[in-house]
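Visitor: Protein chains in written order, with our numbering: chain V, 1 to 363; chain S, 1 to 219; chain L, 1 to 140.
These are computed hints drawn from the structure, not numbers from a lab.
One or more of the hints may lead you astray.
[Claimed, not checked] The calculated DSS-like cross-link candidates involving lysine-lysine, where the alpha carbons are at most 30 Å apart (straight line), are:
hint : chain 1 : residue 1 : chain 2 : residue 2
1    : V       : K280      : L       : K27
2    : S       : K145      : V       : K345
3    : V       : K343      : S       : K194
4    : V       : K225      : V       : K280
5    : S       : K46       : V       : K346
6    : V       : K257      : L       : K63
7    : S       : K100      : V       : K258
8    : V       : K43       : L       : K34
9    : L       : K45       : V       : K225
10   : V       : K257      : S       : K140
11   : V       : K257      : L       : K27
12   : V       : K343      : S       : K46
13   : L       : K39       : V       : K43
14   : V       : K244      : L       : K27
15   : V       : K117      : V       : K225
16   : V       : K280      : L       : K34
17   : V       : K346      : S       : K39
18   : V       : K43       : L       : K45
19   : L       : K27       : V       : K258
20   : V       : K346      : S       : K145
21   : S       : K39       : V       : K345
22   : S       : K194      : V       : K346
23   : L       : K63       : V       : K258
24   : V       : K185      : V       : K117
25   : S       : K39       : V       : K343
26   : V       : K244      : S       : K100
27   : L       : K27       : V       : K225
28   : V       : K244      : L       : K63
29   : V       : K351      : S       : K39
30   : S       : K100      : V       : K311
31   : L       : K63       : V       : K280
32   : V       : K345      : S       : K194
[To be verified] Only some residues are given here: those of chain L computed to face chain V with a beta carbon under 8 Å:
hint : residue
33   : R52
34   : P55
35   : P58
36   : Q76
37   : L80
38   : H104
39   : V105
Every residue, glycine too, gets a C-beta built ideally from N, C-alpha and C.
Now for the letters of each chain:
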Amino acid sequence: MTNNKDKTLGETLRSQGISRRSFLKYCAATASMMALSPAMIPKIAHALESARRPSVIWLSFQECTGCTESLTRAHTATIESLIFDAISLDYHHTLQAASGHAAEEAREAAMKENFGKYLLVVDGSIPMDNPGYSTIAGISNYDMLMESAKGAAAIIAVGTCATYGGIPHANPNPTGAVSVGDLIKDKPIINVPGCPPIPVVITGVLTHFLTFGTIPELDHIGRPKVFYGQSIHDRCYRRPFYDKGLFAETFDDEGAKKGWCLYKLGCKGPTTYNACATTKWNDGTSWPIEAGHPCLGCSEPDFWDGGGFYKSLSMPTENIAQTAVYAAAGAVAAGVALGAMNKSKKNSAAKAHNKTTIDDLEK
Amino acid sequence: MNEIEFLSWVRGQGFQIAVIIFIAGVIIRFAEILLLGRKANIAEAKGSEMSGGMRTIVSRSFPDKNTFQRSTFTVVAGYIFHIGLFVTIFLFAPHILMFKDVIGFGWPSLPTPIVDAMAVVTIIALLAVLTHRMRDTVLKFITTKEDYLVWMLTILPLITGYMAFHRIGMTAPTLLAIHILSVELLLVVFPFTKLMHAFTFALSRWYNGAISGYRGVQS
Amino acid sequence: MSETTPHQPDAVKFNIQIGDTLTHNVKPLLHEIKHALDKLIETGKSTIIDLRSIPLAPGEEEKILNTLGQGEVQAQLNALGLSEITETQYAGVWIVTHYNDEQHVISRFIEVTTMPEILCSQTEDVMEAYSRLTLDLADT
Ligand code: SF4
Ligand code: SF4
Chain V
1 MTNNKDKTLG ETLRSQGISR RSFLKYCAAT ASMMALSPAM IPKIAHALES
51 ARRPSVIWLS FQECTGCTES LTRAHTATIE SLIFDAISLD YHHTLQAASG
101 HAAEEAREAA MKENFGKYLL VVDGSIPMDN PGYSTIAGIS NYDMLMESAK
151 GAAAIIAVGT CATYGGIPHA NPNPTGAVSV GDLIKDKPII NVPGCPPIPV
201 VITGVLTHFL TFGTIPELDH IGRPKVFYGQ SIHDRCYRRP FYDKGLFAET
251 FDDEGAKKGW CLYKLGCKGP TTYNACATTK WNDGTSWPIE AGHPCLGCSE
301 PDFWDGGGFY KSLSMPTENI AQTAVYAAAG AVAAGVALGA MNKSKKNSAA
351 KAHNKTTIDD LEK
Chain S
1 MNEIEFLSWV RGQGFQIAVI IFIAGVIIRF AEILLLGRKA NIAEAKGSEM
51 SGGMRTIVSR SFPDKNTFQR STFTVVAGYI FHIGLFVTIF LFAPHILMFK
101 DVIGFGWPSL PTPIVDAMAV VTIIALLAVL THRMRDTVLK FITTKEDYLV
151 WMLTILPLIT GYMAFHRIGM TAPTLLAIHI LSVELLLVVF PFTKLMHAFT
201 FALSRWYNGA ISGYRGVQS
Chain L
1 MSETTPHQPD AVKFNIQIGD TLTHNVKPLL HEIKHALDKL IETGKSTIID
51 LRSIPLAPGE EEKILNTLGQ GEVQAQLNAL GLSEITETQY AGVWIVTHYN
101 DEQHVISRFI EVTTMPEILC SQTEDVMEAY SRLTLDLADT
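Take the sequences, apply the hints, and build the full model.
Guide: Next up, the structure:
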């Protein structure tokens, strides 16, 4: 493995007996995966030919391993696994065989050897209230992140926890969880949110970095525009029903069976930017809305605190009826008091008012 | 604050604050008006206050021929934007969901394209009304700053709502949040400006009708 | 869903039936193909359309494939899993489907060209073949 590091990807593949035709197929699949135009295929082929295998260090903090699970789903198939042959995953404490000190040594060695060049991937949020909430080999998440970030060429934050705090950060945020971007300001960070992110989006971003050695174009909250450039709602195949005003009212009514829009069931598609509607899940089999469930908005900050998954976007998140009743009760009292004051003012004004007499007019 | 936090705030606390001010404001204004009372009328009644008052509440909704001929534009444009406001506020499916959440019941919605078209018509009518106001010397003279403010706050939710629906210019969460915020602004100033006429029109018409009814004349 | 499960609940099937009613992306795509054919005739330039980049309702992809139909050529590729390359009933319009080892579709393209690039023998492979044959002949 180690001696492969100096070879370009093209050389590595050729030494594995992979034909040019296979390589072209790989490039076509890669272009499709990175949501790039097919016109880019020759460019991708050229770039991949000469790409070198970057060292990747993967850190997992306060997370549920869902992101890694998602990623390994993309790992089973030949084409995608080529991408993993194409990188050198030097540290990933869930996937690697080594553990404890041996693992930490591997991380330190990789960091030293590739200082300034390695790619740091992070999933999970970082607890700031008490470092003891989450540690690896006795090292707090914060320390490990800061130390590993120093020599990184770029950081990819994978999953909504690492990108925006995610579920640990949900109200009342018991661990004081923060995102990678909250702590690190001096490195390029690519945010790949989702709970979990779509597997091919993770590999797509990795591949982009691998292929072009650059950071893809990001939106205002750090997400690659190729995957997060359009909202679920704008690419949703149920959109014609939304536009016509045809909604499923419950999960089992006629509308639901006819595949009408899920807005009334709480769909967050209109405010959520992710690739589900086109890339879909499970190798393009289907996706949540196609399966009849509204979008939860999992790739957006604070999606867990959006007032309930089944509450429509146009509904207020607080109990407004109760607020209104309290406001009304208070106001009635205040109104009566004010009214009484005004009335007494009026009465005294009336009393103070002198009647005009003939004498006055003759003055 | 990121855009999703902004959206959460306007859907949560912001909405709460706006509703408190709106409800409290409206009730206090009503209490003030009603508790002030009127002087007892010592003239002999020549007809019924109640029937005259009630009739006027309805009858003043239709312009008489003279008024119509004198200010056709004001009447027509006024009608259009009032009906338009009613349709866009109360017959758009997502809005009805909001009402249902707050008051516990909903009602059928109009198809979205109709509401969409109505929004455009309403915006045009409001623009026309303003242009008319600015070009007419007398009208312009009697227009106060408050009038312009009220006009602004009325057209803003329409424009932001249209933009949010068609997703023009900004990201979707920001557009939606701005739309909700514009409605909250409207709610907040509502009780303290002439927007109150949405409620008080009934009272004042009733008074007018009642006075005439008492005198036994037609209002 | 096969015939072996006759009593499946409605909820499982509902999505598939609406394919016919939701064709807002099918027509434009077919028109795009027509333009691409025109371009091929006029300038000889080919066009590739990535089917994954288009939001399609359940059943719409099948609809597109059915409309394009089967033509004269059907080829199979064995490179990192299977690939199917078929000419549709409209000559010059090809469907290229790449599968992985597990027979999952990993990408599907509509290529408007006289010959999809991936079918041609690649220069690198030809060169490699030449040296291999040379070696093999030298051995015997
Ligand atoms: S189901 Fe959701 S994303 Fe799709 S059209 Fe309806 S609201 Fe938009
Ligand atoms: S449909 Fe929405 S909630 Fe579901 S995975 Fe996609 S972005 Fe996340």
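Visitor: Now look at each hint and say whether the structure bears it out.
Guide: Each hint tested on the structure:
{"no.": "1", "hint": "V:K280 x L:K27", "result": "holds (22 Å)"}
{"no.": "2", "hint": "S:K145 x V:K345", "result": "holds (29 Å)"}
{"no.": "3", "hint": "V:K343 x S:K194", "result": "holds (22 Å)"}
{"no.": "4", "hint": "V:K225 x V:K280", "result": "holds (17 Å)"}
{"no.": "5", "hint": "S:K46 x V:K346", "result": "holds (29 Å)"}
{"no.": "6", "hint": "V:K257 x L:K63", "result": "holds (21 Å)"}
{"no.": "7", "hint": "S:K100 x V:K258", "result": "holds (24 Å)"}
{"no.": "8", "hint": "V:K43 x L:K34", "result": "holds (27 Å)"}
{"no.": "9", "hint": "L:K45 x V:K225", "result": "holds (29 Å)"}
{"no.": "10", "hint": "V:K257 x S:K140", "result": "violated (57 Å)"}
{"no.": "11", "hint": "V:K257 x L:K27", "result": "holds (25 Å)"}
{"no.": "12", "hint": "V:K343 x S:K46", "result": "holds (29 Å)"}
{"no.": "13", "hint": "L:K39 x V:K43", "result": "holds (22 Å)"}
{"no.": "14", "hint": "V:K244 x L:K27", "result": "holds (20 Å)"}
{"no.": "15", "hint": "V:K117 x V:K225", "result": "holds (24 Å)"}
{"no.": "16", "hint": "V:K280 x L:K34", "result": "holds (27 Å)"}
{"no.": "17", "hint": "V:K346 x S:K39", "result": "holds (11 Å)"}
{"no.": "18", "hint": "V:K43 x L:K45", "result": "holds (18 Å)"}
{"no.": "19", "hint": "L:K27 x V:K258", "result": "holds (22 Å)"}
{"no.": "20", "hint": "V:K346 x S:K145", "result": "holds (28 Å)"}
{"no.": "21", "hint": "S:K39 x V:K345", "result": "holds (15 Å)"}
{"no.": "22", "hint": "S:K194 x V:K346", "result": "holds (23 Å)"}
{"no.": "23", "hint": "L:K63 x V:K258", "result": "holds (18 Å)"}
{"no.": "24", "hint": "V:K185 x V:K117", "result": "holds (18 Å)"}
{"no.": "25", "hint": "S:K39 x V:K343", "result": "holds (12 Å)"}
{"no.": "26", "hint": "V:K244 x S:K100", "result": "holds (21 Å)"}
{"no.": "27", "hint": "L:K27 x V:K225", "result": "holds (27 Å)"}
{"no.": "28", "hint": "V:K244 x L:K63", "result": "holds (23 Å)"}
{"no.": "29", "hint": "V:K351 x S:K39", "result": "holds (13 Å)"}
{"no.": "30", "hint": "S:K100 x V:K311", "result": "holds (11 Å)"}
{"no.": "31", "hint": "L:K63 x V:K280", "result": "holds (18 Å)"}
{"no.": "32", "hint": "V:K345 x S:K194", "result": "holds (24 Å)"}
{"no.": "33", "hint": "R52", "result": "holds (5 Å)"}
{"no.": "34", "hint": "P55", "result": "holds (4 Å)"}
{"no.": "35", "hint": "P58", "result": "holds (6 Å)"}
{"no.": "36", "hint": "Q76", "result": "violated (13 Å)"}
{"no.": "37", "hint": "L80", "result": "holds (5 Å)"}
{"no.": "38", "hint": "H104", "result": "holds (4 Å)"}
{"no.": "39", "hint": "V105", "result": "holds (6 Å)"}
Hint compliance for this structure: hints 10 and 36 are broken, all remaining hints hold.
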